[in-house]
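Visitor: Make a model of the complete structure from these sequences and hints.
These protein sequence lines are chains A and B, in that order. Take full-length UniProt numbering: the final residue in the first sequence is number 472, and no numbers are missing along the way. Take full-length UniProt numbering: the final residue in the second sequence is number 239, and no numbers are missing along the way.
Hints were generated in silico from the structure; no laboratory data involved. Keep in mind that a hint or two might mislead.
Simulated coverage check for chain A against chain B, where a stretch passes if three residues somewhere in it have a Cβ under 8 Å from a Cβ of chain B [said to hold, decoys possible]:
(1) 4-18
(2) 360-368
(3) 454-460
A few chain A positions that, by computed beta-carbon distances, are all more than 10 Å from chain B [as the list claims (entries may be wrong)]:
(4) Gln29
(5) Met119
(6) Val181
(7) Pro185
(8) Asp296
(9) Ala394
(10) Leu400
(11) Met407
(12) Ala465
As the structure is a prediction and not an experimental result, all values here were calculated from the model. Backbone N, C-alpha and C define an ideal beta-carbon position, used for all residues, glycine too.
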Amino acid sequence: MARNPVTWLGSPTFPKAAHTALADTQLRQNLRKATGTIRGRRAAAVGEMTDWEQLRVAGEQIKNDVLARLDTLLVQLEESVTARGGVVHWARDAEEANRIVLDLCREEGANEVVKVKSMATAEIGLNEALEAGGVHAIETDLAELIVQLGDDRPSHILVPAIHRNRSEIREIFQRRMGVEVSDEPADLAEAARVYLREKFLTTKVAISGANFAVADTGSIVVLESEGNGRMCLTLPDTLITVMGIEKLVPTWQDLEVFLQLLPRSSTAERMNPYTSVWTGVTEGDGPQRFHLVLIDNGRTATLEDSVGRQALRCIRCSACLNVCPVYERTGGQSYGSVYPGPIGAILTPQLVGDMHDPQAASLPYASSLCGACFEVCPVRIDIPSVLTHLRAEAVEAKGLTAESVAMAAAAWVFREASRYEKAQKAGSLARFLARDGRITSLPWPGSKWTSSRDVPAPPSESFRAWWRKNRG
Amino acid sequence: MRVRVALFATCLTDTFFPETARAVVRLLERLGCSVDFPLGQTCCGQMHFNTGYREHAKPLARKYTDVFRDYDHVVAPSGSCAGMVREIHPTLGESPPRTFELAEFLVDVLGVTDVGAWFPHRVTYHPTCHSLRMLGVGDKPLALLRAVKALDLVELPDSTHCCGFGGTFAVKNAETSTAMLADKMTSVLSTGAEVLSAGDNSCLMHIGGGLSRLRAGVRPVHLAEILASTEEDPWLATR
Numbered sequence: 001m002a003r004n005p006v007t008w009l010g011s012p013t014f015p016k017a018a019h020t021a022l023a024d025t026q027l028r029q030n031l032r033k034a035t036g037t038i039r040g041r042r043a044a045a046v047g048e049m050t051d052w053e054q055l056r057v058a059g060e061q062i063k064n065d066v067l068a069r070l071d072t073l074l075v076q077l078e079e080s081v082t083a084r085g086g087v088v089h090w091a092r093d094a095e096e097a098n099r100i101v102l103d104l105c106r107e108e109g110a111n112e113v114v115k116v117k118s119m120a121t122a123e124i125g126l127n128e129a130l131e132a133g134g135v136h137a138i139e140t141d142l143a144e145l146i147v148q149l150g151d152d153r154p155s156h157i158l159v160p161a162i163h164r165n166r167s168e169i170r171e172i173f174q175r176r177m178g179v180e181v182s183d184e185p186a187d188l189a190e191a192a193r194v195y196l197r198e199k200f201l202t203t204k205v206a207i208s209g210a211n212f213a214v215a216d217t218g219s220i221v222v223l224e225s226e227g228n229g230r231m232c233l234t235l236p237d238t239l240i241t242v243m244g245i246e247k248l249v250p251t252w253q254d255l256e257v258f259l260q261l262l263p264r265s266s267t268a269e270r271m272n273p274y275t276s277v278w279t280g281v282t283e284g285d286g287p288q289r290f291h292l293v294l295i296d297n298g299r300t301a302t303l304e305d306s307v308g309r310q311a312l313r314c315i316r317c318s319a320c321l322n323v324c325p326v327y328e329r330t331g332g333q334s335y336g337s338v339y340p341g342p343i344g345a346i347l348t349p350q351l352v353g354d355m356h357d358p359q360a361a362s363l364p365y366a367s368s369l370c371g372a373c374f375e376v377c378p379v380r381i382d383i384p385s386v387l388t389h390l391r392a393e394a395v396e397a398k399g400l401t402a403e404s405v406a407m408a409a410a411a412w413v414f415r416e417a418s419r420y421e422k423a424q425k426a427g428s429l430a431r432f433l434a435r436d437g438r439i440t441s442l443p444w445p446g447s448k449w450t451s452s453r454d455v456p457a458p459p460s461e462s463f464r465a466w467w468r469k470n471r472g
Numbered sequence: 001m002r003v004r005v006a007l008f009a010t011c012l013t014d015t016f017f018p019e020t021a022r023a024v025v026r027l028l029e030r031l032g033c034s035v036d037f038p039l040g041q042t043c044c045g046q047m048h049f050n051t052g053y054r055e056h057a058k059p060l061a062r063k064y065t066d067v068f069r070d071y072d073h074v075v076a077p078s079g080s081c082a083g084m085v086r087e088i089h090p091t092l093g094e095s096p097p098r099t100f101e102l103a104e105f106l107v108d109v110l111g112v113t114d115v116g117a118w119f120p121h122r123v124t125y126h127p128t129c130h131s132l133r134m135l136g137v138g139d140k141p142l143a144l145l146r147a148v149k150a151l152d153l154v155e156l157p158d159s160t161h162c163c164g165f166g167g168t169f170a171v172k173n174a175e176t177s178t179a180m181l182a183d184k185m186t187s188v189l190s191t192g193a194e195v196l197s198a199g200d201n202s203c204l205m206h207i208g209g210g211l212s213r214l215r216a217g218v219r220p221v222h223l224a225e226i227l228a229s230t231e232e233d234p235w236l237a238t239r
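Guide: This is the structure:
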């Protein structure tokens, strides 16, 4: 089986990637500003809802139900879509999905396609696969276009160019569109509008992802802010939608919950500007050929894991990225995947499905377990619990290491109070390393701590020694 | 009837910060509790569990249950360790004894916010992540601090942001941890406080270790030590 393109080939492990990112002062400033702003706005948008916690629980339960009945709901979706004139394709992995989409483009005779922003197509590396097959994909989401024109990689789920500020965007637009433009947001948007409008009117095939698919009606739902998505979903003759198999909701009514949860969590809006819904093909209205490509790409394997499967509840809102102190400082590209941040740290390694991969195995450790992600997750994914669960898998895959020996030794000491007390006494001798009550330098791995932090000198008497003497 | 309490000192406080554990004893006894320290206790297993060594954490969780099973209340001067016991030990197959973080115990069980403390210093308070998000202690520690006589409490900007400790995260991702620490120290220094308080010595060791490296002139002091301090028996800088 080919490697899963959900991680970028050759990406360093998280600590190595973070080392580079942390030194990029422009990146740090861009992220500090962007995440700080969106954090505040999300808190305000959520704060005005009196039933937010009930909505979160409802979102969690609907998604749990979907995951429990995925086999039958998917068949139901296929039947509904087919009944309304759509064609459903099933793809086991990225390679299969890319081949299906490329073949469909070729059948249409298209050498250019317009794209609605989609995580599923980014996950499978569709643009690169199409390019290799002679089909050029044009991203129409503004941020996605910035990434594409900048020959860059995305760094955020919702705002893939969040690591860029407007003067950097201006530079990219001038270089790639050959236009003079200021760094005013309105001017930049106008430049993109002129560039894209012509593409909308001339391109015959569009490719989208899906935020939701309603099993009982076969309706596909896309939420967006710019309207460019709606252009793609209505103007071309053929629409190809690529969707992860977990994106289902059972009924139309279930959308009620998610259409409240998603905009407030992602863009901090009460309602997103554009919600497009289509059901198969409607004669004389919109694309006349509709293909739905359902991708697995590691999801069935993830579903097998009773702890890890909750990552499949994710609705790609990005709230966890925006509140994550690690993400804010390292940026999304450090995670080496289209799925960065806390959700990426639990989803990416599961989709890769191989903890012997050092990059994937480093991701669950990219967290201080502060829990801010769980607190904001609209579908209550307990990210910290999944992180520790995946760390256990990483430890098992690594086998015997210096760390595992040290951990086993520490556990052996802690299992018996008498051993622990002896170790305490021996350890307290480290106080002779201290000057003025602090230790400023320790040998490896302690050096990782003392590189930026002092260690207090251990006291001559532990608490238990004091207790024994005075109270025992 | 006197409330019978077992102190779970936590391995870190027992070993590195005995003055915190002594302060808990002094404070709880002053409030009329009878305090015991079962000597069989060691560590709750959090470091092992959080680093991915679940199997090593299991016997430590079992040991915790065995050591404390006969007590009505176990009190720990740590939101993180109390969170490990309450939230994680059940996932390791244990039914842990009733365990509280200190501020929760004072406010919820003993029903006090004014513990009769006196602490004539300018203090800022960092609510630690696990006390905040695992245990949900909310502003109980602040209510306790507000009732301390002579204490000048200054609000910490961005107080709920993690300090970057995260157990082995601080060494496995030392640079990211340090970047988080830098911002936390900036917040602390902006308050002009001379004392940084928190309910976890682990986070205090981290922020304090950074402040000490910079010779920043701010001292980390555990909440228990502030609450134990009185006019008759005041807190004295021991380090």
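Visitor: With reference to the structure, classify each hint as holding or not holding.
Guide: Results for each hint:
Beta-carbon proximity to chain B at under 8 Å applies to 3 residues in the stretch 4-18 of chain A; the threshold of 3 is reached and the given coverage holds. Counting residues of the stretch 360-368 of chain A whose CB lies closer than 8 Å to any CB of chain B gives 5, so the stated coverage by that chain holds, three being the minimum. Coverage of the stretch 454-460 of chain A by chain B holds in this model, with 6 residues showing a Cβ closer than 8 Å to a Cβ of that chain against a need of three. Against the 10 Å criterion, glutamine 29 of chain A stays outside the reach of chain B, whose nearest CB is about 13 Å from its own CB.
The beta carbon of methionine 119 of chain A sits about 25 Å from the closest Cβ of chain B, which is more than 10 Å, so the claim that it is off the interface holds. The Cβ of valine 181 of chain A lies farther than 10 Å from every Cβ of chain B, with a closest approach of about 34 Å, so its non-interface assignment holds. Every C-beta of chain B lies more than 10 Å from that of proline 185 of chain A, the closest at about 27 Å, which supports listing it as non-interface. Separation of aspartate 296 of chain A from chain B is adequate, the least Cβ-Cβ distance of about 27 Å exceeding the 10 Å criterion.
A cut-off of 10 Å between C-beta atoms contradicts the statement that alanine 394 of chain A is not in contact with chain B; the least separation is 6 Å. With a least CB separation of 13 Å from chain B, leucine 400 of chain A remains clear of the 10 Å interface cut-off, as annotated. The Cβ of methionine 407 of chain A sits about 5 Å from the closest Cβ of chain B, inside the 10 Å cut-off, so the non-interface label is violated. Its closest Cβ contact with chain B, about 8 Å, brings alanine 465 of chain A to no more than 10 Å, contrary to its assignment away from the interface.
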